[in-house]
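K.L.:
These protein sequences, in sequence, are chains R and Z. Going by this note's numbering, 134 is the number at position 134 of the first sequence; the sequence numbering is gapless. Going by this note's numbering, 323 is the number at position 103 of the second sequence; the sequence numbering is gapless.
Some hints could be false.
Claimed, not checked - Straight-line alpha carbon distances no greater than 30 Å define the calculated DSS-like cross-link-like pairs of lysine-lysine that follow:
hint : chain 1 : residue 1 : chain 2 : residue 2
1    : Z       : K426      : R       : K78
2    : Z       : K503      : Z       : K399
3    : Z       : K426      : Z       : K223
4    : Z       : K455      : Z       : K399
5    : Z       : K399      : Z       : K426
6    : R       : K78       : Z       : K349
Hints were generated in silico from the structure; no laboratory data involved.
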Amino acid sequence: MADPYQPRSPFAPWDRRELPGMFDVEESARRIGNYKWAEIKLFEALGGWVATVPELDVKMRLGTHCYKHAWHSELWHKRLPELREMNPDRLTQPPNDAMVHFVEALTEPEAAEQTIEKLVGVYRVFIPHFVAAYTFHKNNTSQITDAPTIRSLHFVLQDEMDDWRDGEMLIQSLLRTPDDVARASAHQARLEQMMLDAGGIAGPGSIGNPYAAGNGATTH
Amino acid sequence: MRKFFPVEELARDERFNQVTMKERMADPRSGLPSAPGERSRSNRLVPSRPDASQAARALMHGIFVGEIQALEGAGRTCHDFRTAGDSARRAQDDAHDGVDTDDAVPFALKLDMARQAWDEARHVEISVKLSDWMGSEIGEFAENTVLFQAACSTDPILRLAGVNRALEGLAIDVFTTMKEFGDLAGDPFLEFCEDWMLADEVTHVKMGSDWLRRVTEHDPERRKKALEFQGVVDKLFSYGGTRSDSQESPIGLARRFRELAGFSDHEVEEIAEVSLAALEERKAAVAAMQSAARDVEQLAGG
């Protein structure tokens, strides 16, 4: 039996976590406030659309996904006070006006014949940008000091990936003609342009800057 | 997307047929059997009823479409009311509505509604599979959209009173009856599913009870209005005495589960009285129609 008093390393040989991270407390809180705002907008949209889509399977998926994004917003809501933001509403904001315009355009389609546009906006534009912003955050924040955020990001990313797959399969099943494909592409391009203006879920720097000089990406 | 969505525009595929409450109750395949001699003293939905299979299928279809509307209603509440503190949305709403109103709701209330949307989506999944199991199909019976109408109020608290307390309360009664039906009929599949849905419904009614009390804590007038609205919806759904303590009603009043969901004894008694009164009204109406028919027969014979 090993001697229990023999000194061991505080970090096991397989634990390669590091202290440095790209975000300080303030920057982390700012991003999380943006995430919470965007998740709220998404669950509001999904909930609102349930009554507007005639396809029964889509209707049920939207209801299911509505809750998942509400839960994500709750996770971020609970994280904010832990980042010294005692008034979570203060940071529950869009990163800029362009993001507000993006959400307005995303939620424009209402008619029963516009299920393709509704799904494309969510599953081909909004959710892929969530996945990107969350992945960047997870991979760049301090693995030790910001472990609670990383834990939430793991849960949230799992949901986002599952929902992305669900949504993409629904879209593919609805695209029956070349005209359908053209509609989907046109709407995606319009929204993607608006997201470009917004700079991503947390504004410019949502996924860092791969063109910055140096060895690693920066947020600017 | 508009803030409030009209019931006439609920999106459905071509299998669905929407009708009014009155039209649905007139469908001889649902509600109380109407021909004299056909009905026993008890109309409670039990396997020994001669029309039990058809009545159970009709009720299951009613549950199915009710769950769709409950899903839609919960989703709309997530969308129609902004979260307290959402200044960007408030500016949008004010610009869109042209009036400076503040109909914000607590963030946690919206989270509860999103949770309910997921629960209702599962209930749609469950009831569509149960309908198939029971031998019916989507669209075999008509859909009346009165449930979603109760979710169209522009006051979120009225929605909670009408949908979560009145209609989800009715769902507690319906699921309890169906669970018992499954038990008596020796159908563990039906009993199992109804039991799970019943647990969710108790949660939804409790959400409604809790939020009604919390949000109107310092606004007795609003609470009174909400409870009055709940009373109207309760009465509407007691139409024809379909649900009451009497064995003459197909669906019983699930007193114990209603208590768990936050109803006071007084509130349960009120619902019991309204339901019995509705049953008596229906019986009087049926008696009057039968009497008129006899008069016509006598005249024709004479």
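K.L.:
Determine for every hint whether it applies to the structure shown.
P.N.:
Now for the hints, and whether the structure bears them out:
1. Z/K426 <-> R/K78: holds, 23 Å
2. Z/K503 <-> Z/K399: holds, 27 Å
3. Z/K426 <-> Z/K223: The hint holds at about 26 Å.
4. Z/K455 <-> Z/K399: This hinted pair holds, its Cα atoms lying about 24 Å apart.
5. Z/K399 <-> Z/K426: holds, 20 Å
6. R/K78 <-> Z/K349: violated, 37 Å
Checked against the numbered hints above, the structure breaks only hint 6 and satisfies the rest.
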